[in-house]
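**Student:** Sequence:
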Amino acid sequence: MNLRIDGTPSPANVQTKTTVNPKIDRTFSTFLTDAAAQADNTKEVKISRHAQKRLEERGLQLESNDMQTLESAFDELNQKGSRDSLIFFKDMALIASIDNRTIITAQKTSEMRTVTNIDSAIHI
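As numbered in full-length UniProt numbering, residues 1 to 124 make up the sequence shown, in order.
Bear in mind the hints are in silico, worked out from the structure with no lab data behind them. Warning: the hint list may mix true and false statements.
Claimed, not checked - The list that follows gives simulated cross-link-like pairs (lysine-lysine, BS3-like), each with its CA atoms no further than 25 Å apart:
1) Lys46 to Lys90
2) Lys53 to Lys108
3) Lys43 to Lys90
4) Lys90 to Lys53
5) Lys108 to Lys46
6) Lys108 to Lys90
7) Lys80 to Lys46
8) Lys80 to Lys43
9) Lys80 to Lys90
10) Lys53 to Lys43
What the hints assert, rightly or not - Using C-beta positions, here's what the derived DEER-type ranges look like:
11) Ile118 to Gly59: 22 to 28 Å
12) Thr30 to Ile124: 35 to 41 Å
13) Ser120 to Thr27: 39 to 45 Å
14) Glu63 to Arg113: 23 to 29 Å
Bear in mind the structure is a predicted one, so any value in this text is a computation, not a measurement. C-beta: ideal position from N, C-alpha, C; glycine also.
Start from the sequences, fold in the hints, and give me the full structure.
**Tutor:** Shown next, in the form of structure tokens:
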């Protein structure tokens, strides 16, 4: 006796799908090389659109050698565990996200009055 409940397929009508995972042919050394390359790319300091606008409005400029100096400051702040920092550089006061390696805003040090929501400051 073959009992069947309406609406359920009989075993003969059931299709099975087999999936094959594609074989990834990569060695551990290639993973390490890729990770190191990505780490090098994240070392660069970025300037947010807002900060770029503020730099232009205030007639402030950052040259390529300035960016290298800032990268070193970001590295030092990161090693100390800083997250949001005030960076005094030349005649500029820069607010930066150390985690994101991004300058958030910029102003002249002579215009700076009150700064909030930072956990560190550095003078370079």
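**Student:** All hints are to be evaluated individually against the structure, with a verdict given for each.
**Tutor:** Status of the hints after comparison with the structure:
1. Taken as a hint, the Lys46 and Lys90 pair is honoured in the structure, with Cα atoms around 18 Å apart against an allowance of 25 Å.
2. For the proposed pair Lys53 and Lys108, the alpha carbon gap of about 13 Å is at most 25 Å, so the pair holds.
3. Taking the CA atoms of Lys43 and Lys90, the gap is about 22 Å. The hint holds against a cut of 25 Å.
4. Taking the CA atoms of Lys90 and Lys53, the gap is near 18 Å; set against the 25 Å cutoff, the hint holds.
5. Only pairs whose Cα atoms come within 25 Å are accepted, and Lys108 paired with Lys46 is accepted, the gap being roughly 19 Å.
6. Distance hint between Lys108 and Lys90 is fulfilled; the C-alpha atoms sit about 9 Å from each other, no more than 25 Å.
7. The hinted pair formed by Lys80 and Lys46 meets the criterion: a straight-line CA distance of about 20 Å does not exceed 25 Å.
8. About 16 Å separates the Cα atoms of Lys80 and Lys43, which keeps this hinted pair within 25 Å; it holds.
9. Of the pairs offered as hints, the one joining Lys80 and Lys90 holds, with about 22 Å between alpha carbons and a cut-off of 25 Å not exceeded.
10. For the given pair, Lys53 sits about 23 Å from Lys43 by alpha-carbon distance, which is consistent with the 25 Å threshold.
11. For Ile118 and Gly59, the hinted distance range of 22 to 28 Å is satisfied, since their beta carbons lie about 24 Å from each other.
12. At about 38 Å, the beta-carbon gap between Thr30 and Ile124 stays in the expected band of 35 to 41 Å.
13. A beta carbon spacing of about 41 Å between Ser120 and Thr27 agrees with the range 39 to 45 Å that was offered as a hint.
14. The beta-carbon spacing between Glu63 and Arg113, approximately 27 Å, falls within the hinted interval of 23 to 29 Å.
This entry satisfies every hint, going by the numbered hints stated previously.
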